[in-house]
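Trainee: Chains A and B supply the protein sequences, listed in that same order.
Just so we're aligned, residue 0 is where the first sequence starts under numbering that gives the first Met the number 0, counting upward by one.
Just so we're aligned, residue 0 is where the second sequence starts under numbering that gives the first Met the number 0, counting upward by one.
Keep in mind that a hint or two might mislead.
[Stated by the list, open to error] Under the rule of at most 30 Å between Cα atoms (straight-line distance), these lysine-lysine pairs were calculated in the DSS-like manner:
#, chain 1, residue 1, chain 2, residue 2
1, A, LYS15, B, LYS124
2, B, LYS162, A, LYS124
3, B, LYS162, B, LYS15
4, A, LYS15, B, LYS73
5, B, LYS162, A, LYS162
6, A, LYS73, B, LYS15
7, B, LYS124, B, LYS73
8, B, LYS162, A, LYS15
9, A, LYS73, A, LYS124
10, B, LYS15, A, LYS162
11, A, LYS162, A, LYS15
No lab work stands behind these hints, which were simulated from the structure alone.
Chain by chain, the residues:
Number of protein chains: 2
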Amino acid sequence: MPEFVSAESDPSEGLKAAFRRHASGVAVITLLTAEGDPVGFTATSVTSLGSNPPLVSFNVARGSSTWPHLLQAKHVAIHTLGATNLALAQRMAADHTQRFVPNDWQRGPHELPVFTSATSALICKVREIHNVENNAVIIVDVEQTLLGAEDDALLYHQRHYLKPGESLN
Amino acid sequence: MPEFVSAESDPSEGLKAAFRRHASGVAVITLLTAEGDPVGFTATSVTSLGSNPPLVSFNVARGSSTWPHLLQAKHVAIHTLGATNLALAQRMAADHTQRFVPNDWQRGPHELPVFTSATSALICKVREIHNVENNAVIIVDVEQTLLGAEDDALLYHQRHYLKPGESLN
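Next up, chain A with everything else stripped away, as it sits in the complex:
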């Protein structure tokens, strides 16, 4: 029987090596500060947690610029992104003071900042936050979904954004 090619005994290096072999869908999460200003970030951890009732989970670093605002937010908008949203994904992962460009976003339900260029925006209520070391798992209830134009899904893999490729089945 074949063996594994190698073992990485340092667990942090091992996790990084494994996730370089794993691809993710790309989302943008937005919310409001206590003052009502838009904040948000690009996330590759958004995943469905069941559809009845409709729940979504995502992970966030507690050292991130958005973390203190998440702690007081009642609602968030989770945007699924398409290939045409590449620049948005890059901007929402870069300098946090430059993420919201005038005329690129608008106010949606609960005054949340929404990007109508996204393939969808899930309007969600924050339900649970579980702190785990320097990170947190956020669980939200989906209240409503806004659908944008159809597009290829945007993926992240090996530090690059990419489109889906050849179907295997």
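Starting from the structure of chain A, add chain B where the hints point.
Mentor: Relative to the frame of chain A, chain B by itself:
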């Protein structure tokens, strides 16, 4: 400014519509029953929860065949999959009595069932389980990583398995 194309006010249908536009990496999670037998399932919810310390989260339906075994498991193996693992991904998502074929798996650390054909296997210790409605979020500590052969990452999107495509940046 452009508007969204449509709104889905039923939250369950809205979640499904949004996630049809989102792609995921594919993993297989394995563990042992109390009797030491191999069980496991295909998961599209595996995501990193920080690398220092190395943590991973994944979601599971509490009605799944593996759920009662997860509740008593101390360790799990999380395998990232490549395109050559298509049949494994399909089998671990089908009839739970047919998932482990003789000579296709072997015993790894903690006697966990491992697939050496996967691109990696993260050997993990179960840390936290958070029940949320009919589902659960599982958080694990990564202890060790076994690396398989390099391969295209396996993706799941719109009910199909696929390879990554064109890089956009």
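Trainee: Below or equal to 30 Å on CA atoms is what counts here, so check A/LYS162 against A/LYS15.
Mentor: It holds: about 22 Å lies between the C-alpha atoms, which stays within 30 Å.
Trainee: Taking 30 Å as the top limit, are the C-alpha atoms of B/LYS15 and A/LYS162 close enough?
Mentor: 21 Å, holds
Trainee: Tell me if the straight-line CA distance from B/LYS162 to A/LYS124 falls inside 30 Å.
Mentor: Cα-Cα ~34 Å, so violated.
Trainee: Given the hint that B/LYS162 pairs with B/LYS15, test it: the Cα-Cα distance must not exceed 30 Å.
Mentor: Roughly 22 Å between the alpha carbons, so the hint for B/LYS162 and B/LYS15 holds.
Trainee: Quick one, are A/LYS15 and B/LYS73 close enough, alpha carbons at most 30 Å?
Mentor: 23 Å, holds
Trainee: What's the verdict on B/LYS124 and B/LYS73, does the C-alpha distance respect the 30 Å limit or exceed it?
Mentor: The hint holds at about 6 Å.
Trainee: CA of A/LYS15 to CA of B/LYS124, is that 30 Å or under?
Mentor: Holds - the C-alpha atoms of B/LYS124 and A/LYS15 are around 17 Å apart, at most 30 Å.
Trainee: Given the proposed pairing of A/LYS73 with B/LYS15, does the C-alpha separation stay at or below 30 Å?
Mentor: 23 Å, holds
Trainee: Between the alpha carbons of B/LYS162 and A/LYS15, is the straight-line distance 30 Å or under?
Mentor: Within the cut-off at roughly 21 Å; holds.
Trainee: Given the hint that B/LYS162 pairs with A/LYS162, does the C-alpha gap stay at or below 30 Å?
Mentor: Between B/LYS162 and A/LYS162 the Cα gap is close to 9 Å, so the pair holds against 30 Å.
Trainee: Check the hint pairing A/LYS73 with A/LYS124 against an upper bound of 30 Å on the C-alpha distance.
Mentor: Holds, at roughly 6 Å.
The structure shown violates just one earlier hint, number 2.
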